[in-house]
Amino acid sequence: MCLAIPGRVTTISGNDPLMKTGLVNFGGILKEVNLVYVPEVKVDDYVIVHVGFAISILDEKEAQKVFDTLNELENYEDPLQ
Amino acid sequence: MKFVDEYRNSKEAMQLADVIHRQTTRPWTLMEICGGQTHSIAKYSLQDLLPEKISLLHGPGCPVCVTPVTLIDKAVYIAALPNVIFCSFGDMLRVPGSKEDLFTVKSKGGDIRVVYSPMDVHKIAQDNPEKEVVFFAIGFETTAPANAMAIYQAKLEDIKNISFLISQVIVPPAIRSILESPDNRVQGFLAAGHVCTIMGYQEYEPISEKYQIPIVVTGFEPLDILQGIYLCIKQLEEGRAEVENQYSRSVRKEGNLPAQKNIQEVFQIVPRQWRGIGEIAQSGLGLREAYSRFDAEKKFPCEVDGQERFAECISGLVLQGIKKPHDCEAFGKSCTPESPLGATMVSTEGACAAYYRYQSVQS
Ligand code: SF4
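Just so you know, the sequences run in chain order G and Y. If you read the first sequence in the numbering used here, its first letter stands for residue 1, the second for the next number, and so on. If you read the second sequence in the numbering used here, its first letter stands for residue 1, the second for the next number, and so on.
Treat the hints as calculated values from the structure; they're not laboratory data. Be aware that a few hints might be false.
Derived DSBU-like pairs (lysine-lysine); straight-line CA-CA distance at most 30 Å [said to hold, decoys possible]:
no.: 1; chain 1: G; residue 1: 42; chain 2: Y; residue 2: 2
no.: 2; chain 1: Y; residue 1: 253; chain 2: G; residue 2: 65
no.: 3; chain 1: Y; residue 1: 131; chain 2: G; residue 2: 20
One chain only, chain G, in its complex shape (with noise of 0.2 Å):
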C-alpha cells in the first residue's frame, strides 16, 4: 500500500497550481503524475510516486550515501582482518 516508486519527470503542464501534473517515465513506461506537493519539482528530477502522487524529489547526493558508507566500511575494516 505505501509502495512507491522513482520515476525521472520528463514534462510538466499545468499553471494551475492544484493541478500541476507531469509525466513521469517509469523505466520506459510513461505515466501521468499529480504534482503539486513536490511545488519546486523541474524537468529531469527523479520523483517518489505513490497512488498517482508525487511525494518527494529524489536528492542524488543523499543517494550515492549508502555506497559511500559501504566503502568507508570496507576501508576501516580492512586493516582489522
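Based on the hints, put chain Y with the ligand in the right spot on chain G.
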C-alpha cells in the same frame, strides 16, 4: 531502473551482511514497521543473510491489514446498495468482513471498481451524475495526502455525488502502543521510509528518547533494509538510542510540508480501531467538520456486526510482532492468499502473505 536496481546489488548486500555479522555480539530483536519492508525482507530472504542472533519482527504497517472489520462490513453494506459505485484499491476486495468480503458483493452484481489513485474517483463521479460514488480511503500517512487532495478538490468543485469511507491511521501512536505492551520484545525499529517522506521524523525523537530505543528511518530496497539494520544494531551495540535517517534520498527531517498542510486542512486526529489490535488513542485521521458532508459513514448510516469470523486467525498478534505467521495453525492450510482467513494473508504487504508467497526461500 535508476534508483532501484543499484539498491538490489547482491555484492553490496553481501558486504553489508558481512559488516553486520562482524558487529553483532549479542542477540537483538528489531521490528520493521512497514509491510512494504516486510515484503522485501521475505522476497530477498534478507533474514537468511543476518546472524542468527538478530530476529526481525514484522510490524503493523499494512493499512489493508489493520482496517477494522466494522469498516469492511460498512464497505460491504454500502457497496451492495443499488445506486452506489464503490471504488477501492484492489487489495481491499478480498479482506474478510464478518460475513462477506467486497469481492462477493461484486460477484453478486455490485458495481465495485478498482482504482489506482483517489483522484480517479472524481472522473467516475462526474461521468455518473445519477449515481453515488464512494471511495474507500484507507492508508497510513503516505496515502493521506492523496486522499486529502481528492476530498479537498471534491469540496472545491462542489461535487455532490461523492463520499469517502475513511480508514486513515498513523504510525507513531502504534509504535508507542507496541512499546507499552508488557509482551514487547522490540529493541529497535526500522521506521517506514515513505511515511516519513510525508511526516518527517521529528515525531520519533521523543519516542526514541523516552523508551531509549533506536529508530532508523529506512527505505524499501534490499540494500536500504540491510543498511537500516546495520545502523540499528550499531546503535544497540554502542548503547545509543537515537533517530537516524537511512533513507535520506527521499526523507527530509521536516517531511513534505505542502502535503502535511493539506492533511491538516482536511483531517483531524481521532481515535481509531486497528484490526486485531483494538483501539489506539489518537491513532487515526477523521474528516474535519468542514468536510463532514463527504463522510460516507454519515451519508449511508448502518448497523454492522463487526465480529471476526475466524477465531483461529492470530493476525493481531502477528501485526504486533508477538507471533510469526508460521505460528498460526491455519497458515498455508485453511488460510492461503486464494482463501484468506485474515487480512494479513490478503495484502501482498501482510506478513502472512509475504511468508506464504516466498516460503520456498524461507529458511
Ligand atoms: S495465516 Fe491466515 S489465519 Fe493465520 S494469522 Fe495469518 S491471516 Fe490469520
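Hint by hint, here is what the structure shows:
no., hint, result
1, G:42 / Y:2, "holds (17 Å)"
2, Y:253 / G:65, "holds (16 Å)"
3, Y:131 / G:20, "holds (29 Å)"
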